[in-house]
Amino acid sequence: MSGGRLKAGPAVRARARLALIGPGFSYLVVLLVLPLALVIGYSVFQRGRFGGIAYEDGVTGDNFARLADPLYAGVLTDSLRIAGLTTVLALALGYPTAYAITRLPARWRTVALVLVVLPFWTNFLIRTYAWIVLLSSEGVVNSALTGIGVIDRPLELLYTDTAVVVGLLYAYLPLMVLPLYSAIERVDPRLLEASADLGARPVRTFLSVTLPLTLPGVLTGCVFVFVPSLGNFVVPELLGGGRTVMVGNLIRDQFLSARDWPFGSVLALALMAFLVLLLMAQAWAGQRLGGRR
Amino acid sequence: MSPKPALVRIRGVSRRFRDTVALDGVDLDIAAGEFFALLGPSGCGKTTLLRVLAGLEHPDSGTVTLDGRDLLSVPAHRRPVNLMFQSYALFPHMSVERNIAYGLARERLPRAEIRERVAAVLATVGLGTEARRMPHQLSGGQRQRVALARAIVKRPRLLLLDEPLSALDKNVRAEMQLELKRLQHEAGITFLVVTHDQEEAMSLADRIAVLDRGRVLQVDTPVGLYRRPRGRFVAGFVGSNNLFRGRLRASGGLEVPGVGVLPAPVGAEAGATAGAAIVAVRPEGVRLAAADAHGTVGAEAVLSGTVLDVSFHGGSSRIAVTVAGLETPVLVTTSGPATVTAGARVTLSWDADSAVLIETEETTRKVGGETPCDP
Chain A
1 MSGGRLKAGP AVRARARLAL IGPGFSYLVV LLVLPLALVI GYSVFQRGRF
51 GGIAYEDGVT GDNFARLADP LYAGVLTDSL RIAGLTTVLA LALGYPTAYA
101 ITRLPARWRT VALVLVVLPF WTNFLIRTYA WIVLLSSEGV VNSALTGIGV
151 IDRPLELLYT DTAVVVGLLY AYLPLMVLPL YSAIERVDPR LLEASADLGA
201 RPVRTFLSVT LPLTLPGVLT GCVFVFVPSL GNFVVPELLG GGRTVMVGNL
251 IRDQFLSARD WPFGSVLALA LMAFLVLLLM AQAWAGQRLG GRR
Chain B
1001 MSPKPALVRI RGVSRRFRDT VALDGVDLDI AAGEFFALLG PSGCGKTTLL
1051 RVLAGLEHPD SGTVTLDGRD LLSVPAHRRP VNLMFQSYAL FPHMSVERNI
1101 AYGLARERLP RAEIRERVAA VLATVGLGTE ARRMPHQLSG GQRQRVALAR
1151 AIVKRPRLLL LDEPLSALDK NVRAEMQLEL KRLQHEAGIT FLVVTHDQEE
1201 AMSLADRIAV LDRGRVLQVD TPVGLYRRPR GRFVAGFVGS NNLFRGRLRA
1251 SGGLEVPGVG VLPAPVGAEA GATAGAAIVA VRPEGVRLAA ADAHGTVGAE
1301 AVLSGTVLDV SFHGGSSRIA VTVAGLETPV LVTTSGPATV TAGARVTLSW
1351 DADSAVLIET EETTRKVGGE TPCDP
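Top to bottom, those sequences are chains A and B.
First residue of the first sequence: 1, per the working numbering; consecutive thereafter.
First residue of the second sequence: 1001, per the working numbering; consecutive thereafter.
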C-alpha cells in the first residue's frame, strides 16, 4: 500500500495522461477531425443550384464517378509529373548538399543548417512572388542574359511548368536536406573506413554503404517534398499562370469558383487517400530499411 | 632482434593533432609471421599508429615500408593490410555472409571462389550456421568473429587488430585469445594487435612494443619485458612491481633514506656506477615471514612492516605490507592461501638477483621520465 504514495495510482495516472494529451487532442478533433468529417459528408451529396449542398436531393455516388473523367485524370497525371520531377530534383540537389554539410566542422554545420531553413523565416507568398521578379520577361534573369549578350530576346521563363517546378523545388528543398542530413550524419564513419580498408573505392563505398544506410532518410525527404508539392496551389497559380493546373488548384477552384463543394470534397479525399497510401508505403519501407540494429 | 627480415619497417613516424602528439618519432620493425603487440595506456598513440598502417591516417613525417616498398603513398583501399576495428564496424545492412564477401567482391574474384572462401572462413571461426543472420542478431563474441573473418578472408600481408577483445566478457575473452593465436598460426598472417591490457599482450604476442605518449619505450618479448623492464613506466605498466628509489652503492645494494640498504644488483654489473637509481622487485620475488613474538627482525630480513591487506586469487595470494619510510605498500605474492592476516607484523626479504635496476642517473636522462628528449 505504501507503494501507492511513491507510484501514482492508476486513477491519478489516467488523469495525468488526459491532462497531457487533452489540449492537443481537442485541437486535433476540432480542427482536423470535424472538417474532415464534413468533407466526407459533402462528398456524397449534390451541389445546390447556387452553390452549397443540396441535402434534399439525397445521397449520390456521381461525384466519385466524375473522377474517371479524362479531364481530371489529366490534371492528376500532370500534378504527379510536376511533384515527381520536383522530388527527383530535390533529391539530386539535396543529397550532395546534406552530405557536404555533414562533412563540415561541427560549428559550421549548425550555421549551414540555419542557412538551409532561413527562407522559412520569410512569408511563403512573398518568396514565391520574388520568383516572378526573377523569371519574368523583364526580370532579373532575362535582363542579365540579354545584357551579357547570351540571348537576343527574353526567354519565356515565367508561366511554364518549369517555373512551377523551380518554385516548388525552392519551397521544399529544405525539407529534403534536413532528413537527409540527419540520416547521413548517423552513419558511423568507421563503416566507411571499414569499406575502404576492405578495398572499396570511394564511389563503391557510397553506393554499397552510405546510400543503403541513408535510404530511410531519402524516403522521408522524398515524402516531405512530394506530399506538399502535389497539393500545392499557390506556386502553380503564381508561377504557372493560368496554364498549369494542379490538383491543388482544381480543388480550390471547386470550392471557390465553381462552387461545387461535393466534387471538391471528392477531389480532396482522393488526394488524401493517395497520400495516406504513400505515407503507409513509406512507413513500411522505412521500417524494413531502418528496423535493424 | 627478430631473426626474420622485417615485413613492416616504420621509421620516424610522427603525428600531431592540434596540441597533442599522438606519435613522436616511432621506429619499429615487424617481422613476417610475427604476432606483434602495441601496448600502452589509452591515448598513447597506439591506435593512431594502427590507422597510419591501414591508411586511414597520414603521418606528418616518417616512412613506412611493407616488403621494402613505400606504403604511405598507397591509398587505404589498395593496401594489402586489413584492420579489425575495435567497434567491429560490421555493415548493419548486410548479412554475415555479405559482410565477409564484401572485401573479396572488391577484388573482383569469381563468385564461386568468393562463396568457397567465405564458407571456409566461416567454418574456421565457427560461424558456419550463422551465415544468413544480420549483425544485430549476433552476440558480442559472434560479431567479433565476423569482424575477424571479414579481415582475414582477404589474406592480408598484415592484419591489424584494434583492441580486438575489449568488448567481450572475461570468459569469452580467454577463449578468443586462444582462438586468435590458433588462427594466426594457421593463416600464417602477420598480426599487429593494439591493446591497453598487458595480460592480453603478454599472452598473445611474440613481441611487444610499449608505447607512452607517442613514443616507443621498449620492444621486447613478453618475458624480456617482464624481466628487464627499461624505465619506470614499463616497470610499472607491465605487471606489478615494487619500485624503490635510492642511491646505488658501489659495494652493492640500494640505500634508501630512512629505510636502509636493500638488496640490489651491483652497480657495475648493471652498467651503472654509484648514484641515484630506481630498483624494481616483482611481488613474487619478495619473501615474507611472520616476525617472531618479540618483533625482532631475522638476520635475512631487509624490511619489516605491517600487513595492510590480503587478497586471495585462488592459486596465489597478494599481500600488501606497509613499511615505515616507504610511500607505497610493498606487494608480495605467495602461492596458495596466505598464512598471515591484516595487522600482522612481518619481515620481507629478496635476493639481489630478483631486483632489477631500471633507472639510474644517466638513464633517466636517456629513457622515459618526465623530461622529453630527442630520439
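In short, the hints are calculated from the structure, not lab data.
Source: prediction; values computed, not measured.
Beta carbons are placed, not taken as given, at the ideal position from N, Cα and C, and that holds for glycine.
Please note: incorrect hints may appear among the correct ones.
Derived list of chain B stretches under chain A, where covered just means 3 residues or more per stretch with a C-beta under 8 Å from a C-beta of chain A [said to hold, decoys possible]:
id, region
1, 1052-1059
2, 1083-1089
3, 1097-1106
4, 1279-1289
Computed spacing ranges between beta-carbons, pair by pair [as the list claims (entries may be wrong)]:
id, chain 1, residue 1, chain 2, residue 2, range
5, A, Phe120, B, Arg1018, 34 to 42 Å
6, A, Pro189, B, Ser1166, 48 to 56 Å
7, A, Pro189, B, Arg1016, 16 to 24 Å
8, A, Pro105, B, Pro1041, 47 to 55 Å
9, B, Gly1128, A, Leu28, 15 to 23 Å
10, B, Thr1020, A, Val117, 34 to 42 Å
11, A, Ala285, B, Arg1132, 56 to 64 Å
12, B, Pro1041, A, Pro189, 52 to 60 Å
13, B, Ala1131, A, Val117, 56 to 64 Å
14, B, Pro1041, A, Val117, 40 to 48 Å
15, B, Pro1041, A, Ala285, 45 to 53 Å
Hint check for arginine 1132 of chain B and alanine 285 of chain A - Cβ pair distance inside 56 to 64 Å: 22 Å Cβ-Cβ, so the 56 to 64 Å window is violated.
How does the Cβ-Cβ distance of proline 189 of chain A and arginine 1016 of chain B compare with 16 to 24 Å: does it lie in that range? 21 Å, holds
Just tell me: holds or violated, for the beta carbon distance of threonine 1020 of chain B and valine 117 of chain A against 34 to 42 Å? 36 Å, holds
Can you tell me if the region 1279-1289 of chain B counts as covered by chain A, using C-beta to C-beta distances under 8 Å and a minimum of three residues? Violated: only 0 residues of the region 1279-1289 of chain B have a Cβ under 8 Å from chain A.
Are proline 189 of chain A and serine 1166 of chain B spaced within 48 to 56 Å by their CB atoms? 19 Å, violated
Tell me if the beta carbons of glycine 1128 of chain B and leucine 28 of chain A are separated by a distance inside 15 to 23 Å. 54 Å, violated
Verify this for me: three or more residues of the region 1097-1106 of chain B with a beta carbon less than 8 Å from a beta carbon of chain A. Check passed, 3 qualifying residues.
Satisfaction of the hinted span 45 to 53 Å by the C-beta atoms belonging to proline 1041 of chain B and alanine 285 of chain A: Holds - the Cβ-Cβ distance for proline 1041 of chain B and alanine 285 of chain A, about 47 Å, lies within 45 to 53 Å.
Does the Cβ-Cβ separation between phenylalanine 120 of chain A and arginine 1018 of chain B fall within 34 to 42 Å? 36 Å, holds
Please check whether proline 105 of chain A and proline 1041 of chain B have a Cβ separation lying inside 47 to 55 Å. 29 Å, violated
Tell me if the beta carbons of proline 1041 of chain B and proline 189 of chain A are separated by a distance inside 52 to 60 Å. Hint violated: Cβ distance 24 Å, outside 52 to 60 Å.
Quick one: are proline 1041 of chain B and valine 117 of chain A within 40 to 48 Å, going by C-beta? Holds: the Cβ-Cβ distance is about 44 Å, inside 40 to 48 Å.
In this structure, the earlier hints numbered 4, 6, 8, 9, 11, 12 and 13 are contradicted, and the remaining ones agree with it.
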